[in-house]
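**Student:** Letter by letter, the chains look like this.
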Amino acid sequence: MRKVIGAVAAAAVALGLGTAAHAQQTVKIGVLNDMSGLYADLAGRGSVAAAKLAVEDFAKIDPNLKVEIVSGDHQNKPDIGSSIATKWFDNEGVDMIVDVPTSSVALAVSQVAANKNKVFIGSGPASSDLTGSKCNANTVHWTYDTWMLANGTGKAVVKTGGDTWFFITADYAFGHALERDTSEVVKANGGKVLGAVRAPLNTSDFSSFLLQAQSSKAKVIGLANAGGDTINSIKQAAEFGIVKGGQSLAGLLIFSTDVVALGLPTAQGLVLTETWYWDLNDNNRAWTKRWQKEMGNKVPTMVQAGVYSGVLHYLKAVSALKQSKDGKAVVDKMKELPTDDTLFGKGSIRVDGRKIHPAYLFEVKKPSESKSAFDIYKLRATIPADEAFRPLKDGGCPLVKS
Amino acid sequence: MASATETITAPVTAASHRSELVAFAIMAAFFVVAPAFMYPIFLMKALCFALFACAFNLLIGYVGLLSFGHAMFFGWAAYFCAHMLKEWGLTPELSIILATVAAGGLGLVAGALAIRRQGIYFAMITLALAQMMFFFAVQAPFTHGEDGIQGVQRGKLLGLFDLSHEMTMYFFVLVVFLAAFLLIYRIIYSPFGEVLKAIRENETRAISLGYKTERYKLLAFILSAALAGLAGATKAVVFQLASLTDVHWTMSGEVVLMTLVGGLGTVFGPVVGAFIIIAMQSYLAEFGQWVTVIQGVIFVACVLLFRRGVIGEIAHFLKIRL
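These protein sequence lines map, in sequence, to chains A and B.
Note that this note's numbering has the first sequence beginning at 1, numbered continuously upward.
Note that this note's numbering has the second sequence beginning at 1, numbered continuously upward.
In case anyone wonders, no lab produced these hints; they're calculated from the structure.
Just so it is clear, the structure is predicted and the values come from calculations on it, not from any experiment.
Backbone N, C-alpha and C define an ideal beta-carbon position, used for all residues, glycine too.
A hint or two may mislead.
[Stated by the list, open to error] Have a look at the derived ranges for each label pair, beta carbon to beta carbon:
1. A:K378 to B:V303: 56 to 62 Å
2. A:N283 to B:A128: 44 to 50 Å
3. B:A140 to A:E294: 40 to 46 Å
4. A:Q323 to B:L94: 38 to 44 Å
5. A:L280 to B:V293: 37 to 43 Å
6. A:Q323 to B:V101: 33 to 39 Å
7. A:N283 to B:W290: 33 to 39 Å
8. B:R117 to A:G396: 26 to 32 Å
9. A:A286 to B:T91: 56 to 62 Å
10. B:I298 to A:S370: 45 to 51 Å
11. A:P398 to B:G105: 47 to 53 Å
12. B:Q139 to A:N283: 44 to 50 Å
Could you build the full structure based on these sequences and the hints that come with them?
**Tutor:** Now the structure itself:
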């Protein structure tokens, strides 16, 4: 009899411990991006550092939530990205994947997240299809998208007289979306698209594409590419004397890291659109100092800032719901709560998963105007939040009920 | 000839089959229980690559032809299968069969051109054809370039078994693998297989004995291509995705590596080799592109230290055939 009582007592204690352990909730976040290729500078380890800062700041709001971060390298290949995502969700208890530059990989990961009912927050990818025809209830697109870039940079360039365009397009989902969205803006503003050429991702030699662009006699050569590809095409365009010959370059997606890599003498005068710049205000500068403690003397990009902001808002939603396993419920909560953080200010997430905040049109400074190595932009215009992104009804997202 | 090849070409007796039957039983039993303690998607990936390596081994191990373009059959079958599943709405078994046939057709064209030459020229012709097909995959609209064909639904096998269930999918892949493995085994020990081995050892002599070696080589090439296609098509169903990675020339290189590490010209070697390489890629994935460096080191070590491959060395040590 005593044995039985002992066993029951032991079982009760074990059960009690079990529930106590459950009270301390754990959330696992996977930062999935390019750690070694052409997008490693604009996302890479810097995004992991940004996610860690978000976790650090969230601990001040809700110390009961235990947050773990893992990271992975998708090498810009959709098959590797989707198999890492599947493994994380199935096997390693990851609740949310954040970042994922390279739109083709992001579209694959977004589908995996929807199938497994987890959460995907895209900070790195650009394709506006993520909240358009290919949207789903488990995906939030945070930092920027191709429609916003086209609307910012494209419109500004056409309005200053650049009314004939030729595109050099990265040949995958992102490039196609950016070319499509920019062409629409150019045409809507009275410009003309003379042609386009598709270059493979991660190209080292742009000469044949640049020569085609040169012979098109278009006033503006639109670079619908990103990261290392943009750097290479701008450098090689300078070698071919394209800008001196009277044509101008429009980098449709340029990150602050690209400008630093190019150097101001090459990059000066480029017009570009971003949603975040480290030197915009005191909050951003303070955050950048914290980020640089981890990353050394580098300049953070909007993608990395977006990872911080996205992770923070996700954790707020999880803490409000007290669960992280039902991904759709978490995303619904994220859409319900207004977003508010020091980097992107107050904002919201639309029903199609689009995060809404202002965008900024910048111009790269001349070397003489720059006071320090990372002092690279001057602000030309602020695009208010309600104009910066594609109107909800135009996206064709099935989640939007007309 | 070295003693290693003599053991392989020795006449087939009941006793020499026994070790292989035992090994086959162990392998089949392992795969039946493996999903209980291993991640099923990893196992499915490894099985697909094991089949790919076995198909490749049929050509290099038993005919002595080093194809450096097998990714073309593997990757294109994946594209065909994914396209048929997604755009035409065919059932998975029909898509896989049609993709396998298509890969065999591709093998017929590529093989007819390539088998006219031997050695390095053969390898270069297959590589050139594979690069042409790679370029086609980059540019053709239905392959969707860098994006690949994404979001393919697995569908229902024979309209009965829902493949979106992980274990159903696993056992389907296992059945495909074991069936194809037995087919390859049957081919190797058929009279046809004996002729292939004769061609490998001394082609001129086989010709002088009256065999039309070109025809044998072509048929072996087509069989190898079709089986590689079967592996690619199955992989496309498992991952619901067909992408450029599968047609890239590095994939052709990887299958050579798998076969060499496991043991060239052994029945079980490619399976073991594929598991070793896929396990490395999965568990070392966090090192990113360093994986290729590690693979290179293993390749060098394999060639320098155990030239018969893992299974080849074991078989040699135990003086049995595997």
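**Student:** Please go over all the hints and tell whether each is borne out by the structure.
**Tutor:** Here is how each hint holds up against the structure:
Taking 56 to 62 Å as the suggested C-beta distance range, the pair A:K378 and B:V303 conforms, at roughly 59 Å. For A:N283 and B:A128, the hinted distance range of 44 to 50 Å is not satisfied, since their beta carbons lie about 58 Å from each other. Checked against the hint of 40 to 46 Å, the pair B:A140 and A:E294 passes, with Cβ atoms roughly 44 Å apart. Judged by the Cβ atoms, the range 38 to 44 Å given for A:Q323 and B:L94 holds: they are separated by roughly 42 Å.
Restraint check, A:L280 to B:V293: a C-beta distance of roughly 41 Å satisfies the suggested window 37 to 43 Å. Evaluation of the 33 to 39 Å hint for A:Q323 and B:V101 yields a failure: the beta carbon distance comes to about 49 Å. For the pair A:N283 and B:W290, the beta carbons lie near 37 Å from each other, so the given range of 33 to 39 Å is met. A beta carbon spacing of about 53 Å between B:R117 and A:G396 contradicts the range 26 to 32 Å that was offered as a hint.
The hinted window of 56 to 62 Å between A:A286 and B:T91 holds, with their beta carbons roughly 59 Å apart. Range check, B:I298 to A:S370: about 49 Å between beta-carbon atoms, so the 45 to 51 Å window is met. Taking the beta carbon of each, A:P398 and B:G105 are about 39 Å apart, not inside 47 to 53 Å as hinted. For B:Q139 and A:N283, the hinted distance range of 44 to 50 Å is satisfied, since their beta carbons lie about 47 Å from each other.
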